[in-house]
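K.L.:
For reference, the chains in residue letters:
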Amino acid sequence: MRRLILILTLLAGPVFAVQPDEMLDDPALEARARAITITLRCPVCQGESIDDSNAPISRDLRLAVRERLVAGDDDQQVIDYIVARYGEFVLFDPPVRGVNLILWLAGPAMVLIGAAVAFGTLRRGKPEAAALSDADQARLDEILKS
Amino acid sequence: MIVELGHFALVLALAVALVQTVLPMWGAQRGNAALMAVGDTAAGVQFLLLLTAFGALTYAFVTSDFSLALVVNNSHTAKPVIYKISGVWGNHEGSLLLWATILALFGACAAWFGSDLPVALRARVLSVQGSIGVAFMLFMLLTSNPFLRLASPPMNGADLNPLLQDPGLAFHPPFLYLGYVGLSMSFSFAVAALIEGRVDAAWARWVRPWTLAAWVFLTIGIAMGSWWAYYELGWGGFWFWDPVENASLMPWLFAAALLHSAIVVEKRESLKAWTILLAIMAFGFSLIGTFIVRSGVITSVHAFANDPERGVFILLILAVFLGGALILYAARAGVMEGRGVFGVVSRESALVANNILLAVSALVVFIGTMWPLVAEVLWGRALSVGAPFFNAAFSPFFVGLAVILPVGAMMPWKRAEIGRTLRSLRLALVLALAVGGLVFAVQTGRSALGPVAAALGAWVVMGAVVDLWTRTGRGALPARLARLGRLPRADWGKATAHAGLGVTIFAVAAITAWVTEDIRVVQVGGSFDLGAYRVSLDEVNETTGPNYQTTMATMTVTRGDRTVAVLHPEKRFYPVAGMPTTEAAIGFGVFRDLYLVIGDRQDDGGWAVRSYIKPFANWIWAGCLMMALGGFLSLSDRRFRLAAGARKPASLQPAE
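Residue numbers (the working numbering), protein chains in the order written: chain C, 1 to 146; chain F, 1 to 656.
Derived from the structure by calculation, the hints contain no laboratory data. Hints may be right or wrong, so weigh each one.
Said to hold, decoys possible - Okay, the calculated bits of chain C under chain F, using three or more residues with CB under 8 Å as the criterion:
(1) 41-52
(2) 72-78
Stated by the list, open to error - Selected chain F positions facing chain C (Cβ under 7 Å, derived; list incomplete):
(3) Arg-332
(4) Gly-334
(5) Val-345
(6) Val-360
(7) Leu-363
(8) Phe-366
(9) Met-370
(10) Leu-373
(11) Val-435
(12) Gly-437
(13) Ala-441
(14) Val-442
(15) Val-524
(16) Gly-525
(17) Gly-526
Since the model is a prediction, treat every value here as computed from it, not as a measurement. For each residue, glycine too, the CB sits at the ideal point set by N, CA and C.
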């Protein structure tokens, strides 16, 4: 039984994301590698970055990213290299161009529209022309009467 | 036998819910008091029946009744009792039963405690509430019946996902559901008000406590889930912008907007139509959240239990309730004339700004969550939207919210002067800038995120303090302190919740900006530096737990000559589920957590070790708890207990 469990444990594979043996000696280059790998999605997992994922393919991708960095690619070239092989699905950070502009601009656009509608409604309300509210009017009458 | 009883109770509850949907509404339209009164009885009976069904399922789990398919798939005799119980809702069918039971509980509460509500309004509210129950019980019985028996029961079960066998997660779903489903009350009140064509201050007084309660539960539920992710998933992340997390964040944001706009309805009789819309949207997004979680339409790390075919049914429920309510809204919203008029600069307009920012941030989360689906359907493109997008597109709204919060919270109603409000906030502003400057000076060469967030957090917290202090009026210090204790609980609640938001905003930025990480191979007996600490790996042992095998390390953390903590990170293996999990060991501290993870044995005999210093980690959840506490304080305010009499003077006036 113990042996069986041991075998199963080994089959289950690493429980770990980035392994010490993958890391680059140059801290600056390693930091760049980490910054890139947290934005790349593991192609076979459910919503994990290759930095967090334990899947073998993620390890391959982490190593590939580091290989390209050591070869002298800049960050964008590394990302393009991975995207060329695995498609834009691996990008957690959707590029700000094409149809993705809708995605990126939706928030600011909604705030502007919301603010414009609210401001327009308020201006139409014309607070200067507004009479006292009923409660205030009642209170005023009370004060005037006494 | 008991299982059949539960099954029968569920079917009966569906029948009762049907009665509750039809008769009170009919009675309210016809002015028939007897028919309307049926709603109260039905709501109570429906809840008791669902409680029976839920109890029966719990019994099946606790006694490991493996003739039940659900128990076989989600339980095991070796599992600790607490996880046998939490296993009831740790799966699709059982969680729906919990959903329906809580839904019925809220309906019953409206019947039991709503004796001061106008009879027709209560009847309509209960009818709408009943119809939601009908939909979900039909869904359960037709597609996801928890009471299905197996012809030949196996000897033992397949166990609950080991990641879910955790005390933090055991009670995460019930709280979340109390929140999701609590918003159904606001929804029912909104639809009932649309049918009646009447919204007034008294209506807002009844809706606000329900919304507040739902929001408090959501806050606690989300915080628990995030805390669980922090210590259980093994790398100390606390929020992943996962679709399932987003599903809970969207109703939270809408509920937050709703409880602020309901204040305007209550105090100023303004923003009525907008508040109704928010109430519909808040519950609508709860349903959308249920759809996202239960249909598995969007792949996610949380997709533990889902089935795409069921998605269609939930989509139908979503279309009927959200679509129906919105159509009703389009037809009737015009009736909701606002009465209070207010200036461009006023408390009201500040709350409108709050609403816009909260609603838009929720919609940004929604668009980001749905975008991959949209892109696939419209353009056949498989793309992803993850944390980098949400951090960039969502955060600015919360920064904006935090900037205007202290100012808006102190502005007078109707018409305000920004200059005057800012003058009373001078101290808070100076302190906030000082904190930001100090942090900038102490940290050298790091990102600007830390100092900015520290200033922003201090601004919100100090703003809440100044707000509370200003409420004590003028005069000598002892008199003001005495008055501070006598302030309404709603004022304390407001200040506490706002300060909590400030604390959370600061902590999220701090942990992101100042985390220290180290990944290396360590030999047993070896040690390494981690920031100002020294960590040594003393030993690694193999032992067994109740239903798992574990590799447990003993690691000592020292600072100078002082031993700070002895921690035991584990690597577990659950043989029944065939799943390994990491159990990080965390040395909790007020200003930092030490977070240690043990990995695999390396070829050279050493162990892979991941270690972190997570600054201000606990402040994230402390801030959430402050927000929840603020909600509770507000909820216990005298005003809500007196809401009963609120409508009487209004009804004396002629209808306009």
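K.L.:
Double-check F:Val-524 for me: the hint is only fine if its C-beta lies closer than 7 Å to a C-beta in chain C.
P.N.:
violated (15 Å)
K.L.:
Closer than 7 Å between Cβ atoms is the bar; does F:Arg-332 clear it against chain C? Give me holds or violated.
P.N.:
violated (19 Å)
K.L.:
Holds or violated: F:Ala-441 as interface residue toward chain C, Cβ cutoff 7 Å?
P.N.:
violated (24 Å)
K.L.:
Interface hint check: F:Gly-334, Cβ to nearest Cβ on chain C, cutoff 7 Å. Holds or violated?
P.N.:
Violated - the Cβ of F:Gly-334 stays beyond 7 Å from chain C, reaching only about 14 Å at its closest.
K.L.:
Closer than 7 Å between Cβ atoms is the bar; does F:Leu-373 clear it against chain C? Give me holds or violated.
P.N.:
violated (12 Å)
K.L.:
Under the criterion of a CB-CB separation shorter than 7 Å, is F:Met-370 in contact with chain C as hinted?
P.N.:
This hint is violated: F:Met-370 lies away from chain C, its Cβ roughly 10 Å from the closest one there, beyond 7 Å.
K.L.:
When the nearest CB of chain C is found for F:Val-435, is that gap smaller than 7 Å?
P.N.:
Violated. Min distance 28 Å.
K.L.:
Is the interface hint for F:Leu-363 satisfied, with its Cβ closer than 7 Å to some Cβ of chain C?
P.N.:
holds (6 Å)
K.L.:
Can the hint on F:Gly-437 be confirmed by a CB-to-CB distance to chain C that is less than 7 Å?
P.N.:
With a minimum Cβ separation of about 27 Å from chain C (threshold 7 Å), the hint on F:Gly-437 is violated.
K.L.:
Is the hint on F:Phe-366 kept, meaning its closest Cβ partner in chain C is under 7 Å away?
P.N.:
violated (9 Å)
K.L.:
Given as covered by chain F, does the segment 41-52 of chain C meet the bar of three residues or more with CB within less than 8 Å?
P.N.:
holds (count 7)
K.L.:
Please check whether F:Val-360 passes as an interface residue: C-beta within 7 Å of a C-beta belonging to chain C.
P.N.:
holds (5 Å)
Hint check: violations occur at hints 2, 3, 4, 5, 8, 9, 10, 11, 12, 13, 14, 15, 16 and 17; the rest are consistent with the structure.
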